Amino acid sequence: MSNQKDIAKKIRREALKKNWRLFKRSKLGMIGLYIVIFFLFLSILQPILFITGVWNKGVYDPVVGYSEQFQEFLVVECPKEYPTEKYKKRSDCPGRTEVNIRTLFYSDAQVGETIIQNLQPAPPSSKHILGTDSLGRDVFSQIMEGSQVAFVLGLLSATLGVGISTILGTIAAFFGGKIDAYLMRQSDLILMLPTLPLLFIISAFAELQVWHLAVVLGTIGGLGGSVITIKSQALQVKVKPFVDSARITGGSRMNILFSHVLPNVAPLALLFMVFSVTGAIASESVLSFLGLLNIDMSWGLMIYLAQVEGFIFSGMKFWWLILPAGLSVTFLTGGFYLVGRGLDEVFNPRLRDR
Amino acid sequence: MNILEVKDLDMSYKTIDGDVEAVKKVSFTVKEGESFGIVGESGCGKTSVAMSLLQLQADNGKITNGEIIFDGKNIVGLSESQLREVRWSGISIVFQGAMNSWNPVVKIGEQIREAMREHYPDKTKEENTKKIIELFDIVGLDSSIIDRFPHELSGGMKQRAVIALALSCDPKLIIADEPTTALDVVIQDQILKEIRKVQEVLGLSLIYISHDIAVIAEMTDNMAVMYAGSIVEMGKTDKVFSNPKHAYTKMLLESTPSIVGPKKKLRSLDGEPPSLINTDSYCSFSYRCPSPDDNCRNRNIEMELTKIDSEHYADKCCINCG
Amino acid sequence: MWIFCIQKGEKLSNFRGSKTWRLILLFSVFAMVVVACGGDTAEEEVAEEAPETTAAPATTAAAAEEVAPSGPDGVYKMAIFSDPQSNNYWAYYDTESDVWTGYVMSGQVTSLYTLSIPNYQLVVNMAGELVETSVDNGDGTFTYNVPVRQGYTWSDGSPITAHDWQFTFDTVKGLSLGGNFLSAYPYLCEGDDGASKNCVVSIVASDDYTVSVTFNYDPGLSTWQYGTAQGPAFSKAYWESIATDKESLYAHDAINAPVASAFVYDKLEQGAFYTWKYDADTMWSGGTTTIYDGGGTSIDWDNGKAPAFSGEFGNTSGDSFSYDSGPFVGTVEYTLYSDQDAAYLAFQNGEVDFVLNPLGVKRNLFNQLATVPGVELVQNMPLGMRYFAHNTRLFPGSDKAFRNAVACVVDRDFIINSVLQGTVERMDGTISGALTAWAPPLTGTLADCQDLDTVGKWEKAISILQDAGWTADDWGEHPGNDTRAIPPTGIKGPNGEVPPEDMLIYAPGPGYDPLRNTFSLFIADYIRQLGFDVTARPTGFSVIVDIVFGAENCKNWNFYMLGWGVGIYPDSAVAFFHSRNDSCGGGFNTPGYNNPEFDAVADAFEAAKTVDEAIKLSNQMEAILFEDLPYLVLFNPPVLEVYRGDTVEYPFTDVLGGLTDACEGCPGVVKTKN
Amino acid sequence: MYKYVFKRIYQLIIVFFLFLVTSYVLFDSIPGNAFQNLLLNPELPPEAYEQVIKLYGLDKPLTERVFLYIGNFFQGDFGYSYKHYPRTPIDLIAERLPRTLMLFAMVNIVAFYTGFLIGKILAWRRGSKSETWITVTSVFSYTIFYPWFALMMLWFFGYKLDWLPIGKFLYPEKWYDAPYDSDVIFVSMIKFTAVVSILQILVYIFTRNIESLNLRRNARFAGFMVLTIASLFYWNSGDLLIQKPYAMDIAYHMILPIFTVTVVAFAGTALLTRTTMMEVMKDDFILTARAKGLSQRRIRDRHAARNALLPVVTSFIFTIVTIIDGSVLTETIFSWPGMGQLILQAVLEEDIPVAMASFSFIGIFALIAHFIADISYAYLDPRIRIQSQG
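Chains as they are written, first to last, in our numbering: chain A, -1 to 352; chain B, 62 to 383; chain C, 55 to 728; chain D, 130 to 519.
Don't read these hints as lab results, they were simulated from the structure. Since this is a predicted model, take the numbers as computed values, not measurements. Note that CB positions come from ideal geometry on N, CA and C, so glycine has one too. All clues stand as given, with none of them false.
Here chain C is said to cover these stretches of chain A; the calculated rule only asks that three of the stretch's residues, wherever they fall, bring their Cβ under 8 Å from a Cβ of chain C:
#, stretch
1, 52 to 66
2, 131 to 145
3, 288 to 295
Build the full structure now, drawing on both the sequences and the hints.
The following block contains the structure:
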């Protein structure tokens, strides 16, 4: 008996190895995997930095941290016509260490004087490698926090969603009849609801924390279209000879369902999962960007804050407020997408080139 | 006159596990109007040979050595557009599994006309249609099938249509790659007769590829037996049948029931064909050789065809064994 | 070009078969574009043909042509962010439509009194004088008899008479109009429970030019001068036939409704832009307004078309400046941008002169726009405040010492100056510092703690608690200004009450308001340093409102942070803290503040008839609040605005609330430059 | 057969009914309501709020309101907008719909077409370096953070280069004297686009039987030119001559949104096409086609792409369903006042009648789109045609 188990284990390990080899051959999949691992590393690094004391929580905390960076500024009056001797273009005034008198409000300073002012948002320095935002918080730390949020949200909602749709899809395929009809109509219903407005509604509900959102996204995703796809896959599995033989040899329905049909639907489900991670992260970012979520920190929120503060149209002058968060969203979702592509080639032999 | 001359053809596929040498040093010739058979187990390289002739091997397959001289011209290394001229109007092919040879969303007639347009750009649609109806007549199909979609046809009809398709551009050589595999026996027989008839009526050369040695016997003038990418025995069909020399040929013959002649005990082919990855040029059949004779089981004999008599060759390895 | 696009993928790919074909295709598309774009001649023809095809506007177009030379030209362009919901003033005033509807709304109403901009002095509008005293009718009702100036007409030529006011009030009462009408003309004299309420009994035209407004009580400033006397009056001649029922009244397309101003609607393109044009026949143009440093205003109106009028209001002493009323532009254009960034980009490009934005420009964008040539900057304080509220019904918010300790320990100056970089102004009381006459002196704990450093504040807060009888196992200590305090442990109230664990501060999330969100995080931290378990919880605005304003939830929260925008007359403290307005009963007194002393002062304040008296009482109310601190008032962000100084010019830009809030972009006084 | 159809319709009605109930309950459960601002204005007496709540029946229990609404819904009464009283939701939708349809029909067609072309090329160039890079680019343009990207496009083309307008769908100055509302122009444009597309498809269908490839090509080109010239005449005649400059203005404003969305949206189609194409190319009939000596392009377009079209068209049709709600971001950023903004506003302001009407509209639209999807399946895949007949 144990021997049999060992063999089964060995076969599984071999299969895994083979799949891994196939996956490794997919250039795109590997690029994606590296990206995902990079962000995973970032999200793990932050707590380590805090625990080991390399980072002081008071300064580097992504939400309530504050880095005091005062600097002397020369009060100048920007000319109306350009170019002048000092400034070539109008974007040159005020310079890095200057402040335009017209924008001073609570100050009696005159042109030519220097005043001490807070430097936020401060550009990247050795202390803050991606600079700070306008509230003096470390952007790099925020990126790490956002990365944690993205992983929690993406993986949780994807797992939940795919779990639900796999179970429902298999049940629909396996039991058919009324159950099938009910589940399919339920999917129709969910598909009829327009996604983005639906998310607006949901975000208006009580305090929506990250994991609440993950559950909501997962449930909506899990009840919607993926049930239909998984069902059709399960239907194909259901008519395979080994399922018949299991039935003939007296396997219970549940047994057949769980030990034969589910494992054969699993690769497709895994694929779905990877792709729905992308969707979940993107949804969160869009909601944050529209200012509809009440979470402490995320990439979408970072961009939103940069936007409401008016940094987004400053060209590249405040690039550290815009680019890191925007690119993180793009790259992590893209990374997961590429991993999905790679897996697709592993599980779908027709996509392989040889 | 030789319509086709294959000389020392080597072909290999790159795969995840290493290079597969699917065709090794294959040489044979086909004369005009002659039918030539290739027989062997699954995976022995028959289809690879057929694909090499049209240079239709998968992207990872490559002809590494040898010449294919068709109609006096070496077609190995020709450019894609030159090859396109050879294909179908020079060599056409009837694939195994006719159901999959048709594009499911295009009408039968259109798919045939499409080939004709490519090779006879000046013909009008009416001329083409007329010709298709003639061809359908030859293969025993109704002209109404022109406007049908592939899924509306039965398997046998599809296969007949495939033959008509293969004939549409007046090829000099038709390759029939297991054309009857998926068909039931009665239809198989009809199709075989059809092919034979067509070949005789139109005076075409034919390469018939099958795993069924009985069919080969019925269909071909000359034949070759392939094993693991190499030809192990080749010659006039009746000579090979009456006097098989190679152990593998013998095994193949003995594994096939015959409804005529004395009752014989059927032998199953023991063992599996070897993996074709990274093999050398030494005897690949030795370990399956049924004979206990050391000479027969000697792996170190280099494979090479040796002449038995006129128009009959066999491989040196495992010759006269079993 | 559409042909090019509608190809199904597979089909067009067949077209693309040959390279020459591709060239031809490209060329033909190019040719199409050239032909289509070069259609100048066609456009000229259009301009000629257009009037023929339009039957209805032909007359107005012709009229405009005739008199156009006499009126001002020039276009004043403003950006708005949201589609107006109606062009009908009745509908707008009732349902409390959004500000955008108000900006685009033409001047379909007039009023007895109004406020002069930029000093917000109460002045007459249609009234002949400011009537401050009522006539006691002896039956418990009091009547104000206000003369209406003669000789003025609506834009359709019908005269403005006292009947317009009577008609308006009768319509409001007769059709039971709600919303703001209930505020301007509180016609309900009985509550649901049958108890009598303060109300306007009647408004009648005692003669053509006298409006008699009768109340069932003797109203003070806030309900008469700043209430009913500023309520809208509509043209009876135009609206009488329409005001048959509420629905048809509100549904009426008011594009041709008469106005009491120089602009009438021109083109309303839903979702894109709205224009007003100068009414060539208007009598509503010209006039000089003089603003005095003393706070008063004098008006001198003589344009030759309308009866001349002049008057002085308030304290007309000290230096002064004058401006002429326009209009100086022929067209006012409101262009819709649904994205603020797009609006400001268009502004930078010079496509609009001014962006109507009640919240103002964000600080950084403001700094950037400062560098754009031709852009002028305006900074003003708005009327309003952001505050932190205690629930005084629950412990520990019920404890005065606790509230004082919190007020002391929260270092608002540090948050404002360091974290928020001085982008907002600290506020102490509920009255904006910009209302200099009204602003009370700072007293109480806030004054005591004002100049202490971080450690001092913490120690003072602890001592406030200790003095009030609070106990703790260990009072903790504060190691220095740069660190957090070691909070007290086992803190207990004067009667041994244990503060609840995990108290929440409901505050808007960073998506709704980053400033308040940041503040809430810091406040929570400061209160934790006093030994209380408090967490800031970013929460959706609607959720906070549900929790703190819902009568059924009035005991379910400890702290929250929100903001108020308030009117120019600073009477909001009554609404926020009078015990009759307790939110458990559906009022605005969310802290559940209940102080009879305060109530008495507030009642007197409401009945005050002169500004001086009101200011005195208001200061008393504020002093009580500084002691009790149900609200910890935090800050107020300035309204930052920008306009194209190279194309437009305003007579004044320093005005409380900013150009958007005060005069809706001031289309009436703006001048365009060439 | 009839029994099946009947059952299906019966199920649909139930689903739609549930859809209405779900939506209503969802909207109702949003904290606060449309008139909350009345409650929050200290200048207003509390009666102002109570009165309006009573007027709109919001004081009634939820179940009563739901059934009242659904009852009225099936009588064709969608109520009044809370925020735009007394306009009706239908009125609002009728105003917004043409704008959304015009822009997003164009956007989707362009994006779909571009994506399909690129996907074909990707699948065909399998394994090459350019394939990898194009795929990676496509993936990242697919996953790019859209609102940010759209804002950057606006900034770059609208402000930095000043080539294209910054949002909006018209230049107000050009429209001061316009004899028409913009909706009239939009409707003419939609009509024109629809007619031209149908004609173009007819040209395609009628020429598909021409045997000679060259002749077919030329015939199609001639058809295209005739259509082009005809449409030029069309726009230069009568009433439309007056409309032309306004239509041109709108078309000009459509360029940037179309371009932006295309950059993002083409990738989805391209990647899907690539996958399905690669599957199809493993099919035997591709080998047959090669053996027949057909050109690569012809194999790709005629055989591989044609078969890969099915899932792509399905996804296209489902995209069309999401036109209306998915347009929220685009419409907001490009100041294009269409359905997306209407829904966003209605949801945020809790204008339940408008939100419900828009949701139902989308729901019905989805049902119709699924129906269209079935039909186009049948057109693209004769195998299904047979099944549906039998």
